[in-house]
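Please build the complete structure, drawing on both the sequences and the hints.
There are 2 protein chains.
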Amino acid sequence: MARPREFDEDTVLEAATQRFWTNGYEATSMRDLADRTGMTTPSLYNAFGDKRAIYRLVLDRYVRRALESCSAIFGDDDPPLRALERYFDALIEETRADALQKGCFVVNTALEVAPHDADFRDLVTNVFGRIEKYMRDCIVRGQSDGTIRTKLPAADLARLFLGATLGIRVLARTSAERELLTGVVRPLFALLRTK
Amino acid sequence: MARPREFDEDTVLEAATQRFWTNGYEATSMRDLADRTGMTTPSLYNAFGDKRAIYRLVLDRYVRRALESCSAIFGDDDPPLRALERYFDALIEETRADALQKGCFVVNTALEVAPHDADFRDLVTNVFGRIEKYMRDCIVRGQSDGTIRTKLPAADLARLFLGATLGIRVLARTSAERELLTGVVRPLFALLRTK
DNA sequence: TTCTTTTTATATCGATCGTCACAAAACGCG
DNA sequence: CGCGTTTTGTGACGATCGATATAAAAAGAA
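Line by line, the protein sequences give chains A and B. Heads up: the first sequence runs through residues 936 to 1130, numbered per the working numbering. Heads up: the second sequence runs through residues 936 to 1130, numbered per the working numbering.
Among the clues, some could well be false.
Copies of the same chain look alike in the list, so a pair counts if it works inside one copy or between any two.
Pairs of lysine to aspartate or glutamate residues, derived as DMTMM-like cross-links and limited to a Cα-Cα distance of at most 25 Å, are as follows [said to hold, decoys possible]:
1) LYS986 x GLU961
2) LYS986 x ASP967
3) LYS1086 x GLU1020
4) LYS1130 x ASP1013
5) LYS1068 x GLU1112
6) LYS1068 x GLU1114
7) LYS1037 x ASP945
8) LYS1086 x GLU1112
9) LYS1037 x ASP970
10) LYS1086 x GLU1114
11) LYS1130 x GLU1020
12) LYS986 x ASP945
13) LYS1130 x ASP1080
14) LYS1037 x ASP1054
15) LYS1037 x ASP985
16) LYS1037 x GLU961
17) LYS1068 x ASP1080
18) LYS1037 x ASP1052
19) LYS1037 x ASP1057
20) LYS1037 x GLU1067
21) LYS1037 x GLU1112
By construction, these hints were calculated from the structure, which means they are not laboratory data.
The following block contains the structure:
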C-alpha cells in the first residue's frame, strides 16, 4: 500500500523511553531522540507526533509494564507478607542495579511535569492510586488470614507503604547506599508483625 | 567607590528561588529570572554569575533556612515525640498551603539535577543525611526517656521517617489529598508507640 | 573637575530549540 | 508500467536559549 517503515517501533520507543527517563522532559531534545533512535526528527513527528505526544506515549508504555509487574507480584498466590517482601526486594534490587540513577519514570514525571500539566498529573495520581490499592488489598488479605497481625487500618498502612516507595525512588536518583534503602523498609515489616 | 546597586539582593534572590523552585532548572530561562527579579540579564550575570551559579546560590540559601527550621523543631526542649509531631504537622500544613505545588526545592533538585551533577548530588545527599540525623537523635532521646517505646533501631526508624518525608514531598507535587498525607504519617507514630 | 570602579541598559552573538516544507524513495495496486 | 500512499532525508523556518561586548550612568577618590 505504501512505503514500509524502516525502524522497529518497539526498539525506537524503548530508546526514547531511556532518554526521557534518564534526562527528563525539558533536558531531552527532539534531536536527542533522533540520535538515540536512529531516526530523523521528521520521521519521529510523522510516526508519533510532537515531543509531548512521544513523552506521553513512552510513559504510558512504561506504566503499562510497571503495573503488569505489580500485578504479577500481588496477583500471585503468595502469602501477602511474601508479596510485600518481593515488592520491596525488587524495588531495592532495581535501585541497586540502576547505574544511571534513572529512578522511576513516573516519579520523575510527578516532579518535573505533573505540577504544570493536568493530563500528566492525572496519570501520575492514577498510578499512585493503583499502587496504593495493590498494597491495601494485600494488607487486608494478610490481616484477614492473620499473617499480618497489626490492627492498624490497612488504608493508612498502604499510604505509608506508597510513601516509602516514593521516598526510595527519590533516593534512587541520588546514588543512595543500599543500607539506607533497606533501613527504610525494615521498620515497615516490623510494623506489620506488631500486635 | 562605585555605582551603587539599584536592587535589593534578598528580594532578587527570593524571586529567583520561587522561579527555580516551581519551574525547575531547565524550564527556567535567564530571561524568566530577569523578568521576575526586575533586573536585566547582564545585571544578573554581573551580580551573581551564570545560571548554574545562581541556582546553586538560591538553593544554598533555601537549604540554610530549611535546616534552621529543622534545628528549631528538634533543638527545642519539647519531648521527642512532640518534636516529631511538630515536624510532620508542619510538613503537611506546608503541603496543604502549597497552591503552586512547589514541593521541596531540595527534592526537586534531587530528581532533576543531582543525577548528572556531582556537586548538587553531594548537596542533596548532605541535606538528606542531616534530616536523617535530626530524626535519629530525636528518636534515640525518646527511647532513652521511655516516651518512645519501640525497641526497633533508631537508625532504621530515622531512615523510614526520612523516606516518608521524601514520599510526601513527591505527593506534594501532584496535588495529593490531605487524607493521603496524614495517612502516611499516622502509622509512623503508631510504630513509635508499639512495644 | 577628572579618574577609577562598578552597575546599568541596549543590542546582539552563535547555538540550539520544536517543528515543518518539500521532494525523493519505496512499497501495493491498477 | 504508472498511480496513490506513506516514509524517508535534506534543509531550514522563527523563536528562544545562555552568555557578552559595549558604552552610558552613577558613585567615591583625587
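Violations among the numbered hints, reported as their numbers in ascending order:
When the structure is compared with the hints, none of them turns out to be violated.
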